[in-house]
Amino acid sequence: MASLTVLGKVLLATLLAAAAAAVQLPPLPQALQQTPPPAAEQFLDLWHRSMVEQQRINFTMDNQEAPKTIISPSNHVVTNFAPQDVPSPLYSLQGRFVELKTKLVRDYLVADLVEPEDKNLLNPDGFAVRNLNNKTIVFEKNATGTVTINDFPVVNMISVEDAQIYVIDGALFDHMEQVAEGSRALFDEHSAFDAPMPQDERRFGPKNSTENI
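Taken in order, the sequence shown gives residues -22 to -1, 1 to 191; the numbers are from mature numbering (1 follows the signal peptide of the UniProt record, and there is no 0).
Everything labelled a hint here was simulated from the structure, so no lab data went into it.
Among the clues, some could well be false.
List time: in silico SDA-like cross-link candidates among lysine to any residue, alpha-carbon distance up to 20 Å [claimed, not checked]:
| hint | residue 1 | residue 2 |
| --- | --- | --- |
| 1 | 119 | 99 |
| 2 | 97 | 131 |
| 3 | 46 | 97 |
| 4 | 97 | 141 |
| 5 | 81 | 148 |
| 6 | 97 | 114 |
| 7 | 46 | 108 |
| 8 | 46 | 105 |
| 9 | 81 | 6 |
| 10 | 81 | 7 |
| 11 | 119 | 88 |
| 12 | 46 | 133 |
| 13 | 46 | 112 |
| 14 | 81 | 152 |
| 15 | 113 | 89 |
| 16 | 46 | 136 |
| 17 | 119 | 96 |
| 18 | 81 | 156 |
| 19 | 113 | 2 |
| 20 | 46 | 6 |
| 21 | 113 | 43 |
| 22 | 81 | 41 |
| 23 | 46 | 5 |
Taking the hints into account, I'd like the entire structure generated from these sequences.
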């Protein structure tokens, strides 16, 4: 009976997520769709997979433009969003995690172009912009040229056609805790059913970044 209760909750959450996925992900900039930069490939892989998964759920998609500024957590940070040796909601195909992945990715995307040479970054309070979730992100640049984003150091800057990528050594907002909560929920479900962890809920490596699904 307990197992059926858990299954019912999973099915209900999946149906609700599928019906309520109104906020959608924009496409990747054209230059990043085939050759993602190695320094940002884990985040771009997550973005691509989440977008394709959302397209499977939504028969109609918004005609959004690709964002011009991308803030990518480093590959190490993305890999460790979920605790070690537990299933990750970021790579689960369960529909109830679509909203989590969509909001997470959109938090790192800015519609307008923010260039490293922009003098506004040198302002005493930095240069504040809004991400696709309408949250404030502050770019700052000191006299030595070091750039930070919400106080996280930028470890790599990559310019591509029509887009600028900033790789940061950290995670914005409360994403680590949100992903950890999803991981604990998946772990508890597998334990309740005494079932092995599905392959799709294990973390993927960089080799999947350009794979079509």
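Against the earlier hints, flag every one the structure doesn't satisfy and list their numbers going up.
none
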